[in-house]
Amino acid sequence: MGMIHEIDYGTKPSAATKLVTLTIDGQHVSVPEGTSVMRAATEIGTQIPKLCATDMLDSFGSCRLCLVEIEGRAGTPASCTTPVAEGMVVHTQNAKLAKLRRGVMELYISDHPLDCLTCSANGDCELQDMAGAVGLREVRYGYDGSNHLDAAKDVSNPYFQFDPAKCIVCSRCVRACEEVQGTFALTIEGSGFGSKVSPGMSEQFFDSECVSCGACVQACPTATLMEKSVIEMGQPEHSAVTTCAYCGVGCSFKAEMRGEDVVRLVPYKDGKANHGHSCVKGRFAYGYAQHKDRITKPMIRARITDPWTEVSWEEAIAHTAAEFKRIQREHGKDAIGGITSSRCTNEETYLVQKLIRAGFGNNNVDTCARVCHSPTGYGLGKTFGTSAGTQDFDSVDEADVILVIGANPTDGHPVFGSRMKKRLREGAKLIVVDPRRIDLVRTPHVAASHHLALRPGTNVAIVNALAHVIVTEGLANEAFIRERCDWAEYAEWAEFIRKPEHSPEAVAMLTGVPAAEIRGAARLYAAGPNSAIYYGLGVTEHSQGSSTVIAIANLAMATGNIGRRGVGVNPLRGQNNVQGSCDMGSFPHEFPGYRHVSNDAVRAIYERDWGVSLSPEPGLRIPNMLDAAMDGSFRGLYVQGEDIAQSDPDTRHIVGGLTAMECVVVQDLFLNETANYAHVFLPGSSFLEKDGTFTNAERRIQRVRKVMSPKNGYADWEITQMLARAMGMKMDYAHPSEIMDEIARTTPSFAGVSFEKLEHEGSVQWPCNEAAPDGTPIMHIDHFVRGRGRFMIADYVATDEKTGPRFPLLLTTGRILSQYNVGAQTRRTENEKWHPEDVLEIHPHDAETRGIKDGEWVKLASRSGETTLRAKVTDRMALGVVYTTFHHPVTQANVITTDYSDWATNCPEYKVTAVQVSHSNGPTEWQRDYQAHSKTARRIDAVAAE
Amino acid sequence: MSKMEDRLVYMANQIGKAFILRPHQEAVDETATHLKAFWEKRMLTRILAYIDAGGAGLDEIPRQALLKFRENLPK
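As given, the protein sequences belong to chains A and B, one line each in that order.
Under the numbering used here, the residue at position 124 of the first sequence is numbered 124, and the numbers go up by one with no gaps.
Under the numbering used here, the residue at position 59 of the second sequence is numbered 1059, and the numbers go up by one with no gaps.
Simulated from the structure, these hints should not be mistaken for laboratory data.
Values in this document were obtained by computation on a predicted structure and should not be read as measured data.
Note that beta-carbon positions come from the ideal geometry of N, C-alpha and C, so glycine has one too.
Incorrect hints may appear among the rest.
Claimed, not checked - Below 30 Å or equal to it, Euclidean Cα-Cα: the simulated DSSO-like pairs (lysine-lysine) are:
hint, chain 1, residue 1, chain 2, residue 2
1, A, K333, B, K1017
2, B, K1041, A, K872
3, A, K802, B, K1068
4, A, K499, B, K1041
5, A, K730, B, K1003
6, A, K730, A, K196
7, B, K1017, B, K1003
8, A, K802, B, K1017
Stated by the list, open to error - Heads up, incomplete: computed chain A residues facing chain B, CB under 8 Å, no partners named:
hint, residue
9, F496
10, P500
11, H596
12, L620
13, G752
14, E756
15, L758
16, E761
17, I793
18, A904
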């Protein structure tokens, strides 16, 4: 296996359809109108020297190396900024051009260290390549004059260094920060010879606004911005394309390797989800896979108070199967179940649900989507007919109005957030519905037209008020509704939504949002012409999560914003494979492809394929499993790659349920919080150690490729297979591709998917079958999956979680850029430097009335429990609302959250908890006890471990 | 009422409230369909036993919905 080298065409492709024919060095070439001469030359294999040009960025024309001669035109224009023209005759090489280029290179090199042999970019340096390409043989100017060779390095960023001595001021880093990432953290300071790249106001990288996305490092043509891993390890020698294991954007990366060691992950330009961009997590935070905390040997124990004992894989699997069989013998087949992982592959998830349905003989399978996007599945399934977003990410390029509800894309889905910001800089309008002033509300060259800073828990009221304005002001798209939706259902819904209680004026007091803002936002959304909705967990994690999704779907249908590019309803999925885990039948009521277990015809497909009889009854959801455990009827749980003790709400209830069980099996990379209550630990494998597929938020199925041997000995699918065999199932897959073949033959929406197809196409978006052999980027184009779109009445019902004298504030939770969910991965990387602890964001007024100052320890108390953390006083919070993250187990933010949940799906109401904030002297009793238990629960028997 | 029964009653009432604006029989049918599609049988069995014991706190829509299909419950 060699290195994957992507061609750099120097400038971006033209979207024009009209072709222009020209001649370059005697060769005829036809390219789309608007293509640069440089790109046209590259298309026919002619490399024009370049330094400031790269096809990730707009043409700049500063380095003067790509000069060409064009017959009939004066001078030597830069080929990167010169568009092709019909009949143009271009010469890229002649004596005059060679002399000019050598002269330019001579100037560059006269202020550049000549340490090529010891330079970290040796072998991967464009400056070095260009010196060779132009035939530079001498530098006449010497090094005695003014230069930058002694400029100090900036090593403040944990992942890359900045060595200004090697900078040629091509501005590629500055432009990448602006054009690709949209942060504008870098600038060229000074002028002329004094020009230099500067993060922020002459700050160190770490102290600046830099978000460490890596775009500047990737763009740098020299060793000026260089990954520390390359400096330490040297240049990689082979690479493979794989998919990021963090958020639901699903960025493609080249894993660049030396042997079985990762040198770096570089975003892949051909990646259809990220188009060569990345964030600090995917690009740099992969070190957790090799972290010392990782457990690589199976362990068992009789009681959760015992230390762990390392055992062989054979013993661990046999013990687990024996325990599960014993429990079923003593308490019935429904006394056990399992949880699939949204961090694992489709194939692994499929196998876990198969083990439970066919091996355990029940449908007690659930997944972490229960606590994030299960309302999306319900709401979009009911209204549109399928449980997924309607668009591909590229669709945002054609949106005129972007409505972001309960999502924070620049932190939670940063690569798509950058894409969205780019479209907003191009002129699209933005509406943000969020209690916090998220970064997107006002960020360089982006400002929301409307920020509806609603009171947490009033989403349905706000979305219905938007719909009220649209219907009562005659802004609905009746032609679309008549053609595509059920008109009678629309009429009934419109009658409901017209009622005065849904007017902006009526809901203003309820939501805290001025009526004029709601009316303005509604008119803007209705005006479009292309209006797109993007939403996140701020929509779903409520007692009315499903109702809000339904209300959003109503809004899109009422305005005809479905079924073409630039519009749609787009759930931003949290985890890398949360879409896939849902697709693969992880919910207790559905087989893969969202087909109910009571459907005889569907059950027959699996009964034929698997050779067993299957239950037609829905199984238990995660919270129901824990309830049943407390009640004594559920006693065994197989948890693959999920940490319910930290991520799920009302920790005391979770811990109570886990403690009541007789056999909890955790399969994970680390001894996570759930493992504190486990009896068997099966070490898992990282995404770098296995083959498979992930499906991202745009339904895109992409390959995950094994680049190193599993540290624990087995990929996760192999572990599930061993357990299935020990439970008495026949299961003998030799490779995950065989599992995907089974998925394809049993799931209509995946019928055309295979590893072979993915190898050929790179990725494909489901549905992919006979009707859509190339996949489906945009859904519901001619008709909804369910036939006609269904308007459903979604009335606002206030949450039962109420503020009052004891708990006067509302807590809402979320995640930040540098950390990821429960932090199991990112806390074990240098990302910890940006966010070493969870903090409580509180409005200055709320802080002042409590005498709380920025940075002080505070007690956060709710009806469920209390914890302590530091306060961060910030006016980005609305008055009466506080916010924290849940990345650190020591904070135990979910001790605070309640067990209220969505009416339809039991998705927890993380986003609304009544709390009080007061001064604190230190950790609560619960935190102290929990830490003590964690320490005890993680002991590994020293003798047995020898 | 045990804690589990308390939770089941709460959840059933939540579902009923989601359909409360529908005509009564339709709300009962929708609630019944929802419960049948998503509730595991021990949950249904438990709440039906609770109804038999008086069913205090259970709203009318979910109560009627549960009784509607109790005859068809899996044994």
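(request) Enumerate the violated hints, using their earlier numbering and listing them in ascending order. (result) Violated: hints 1, 2, 3, 4, 5, 6, 10, 13, 14, 15, 16.
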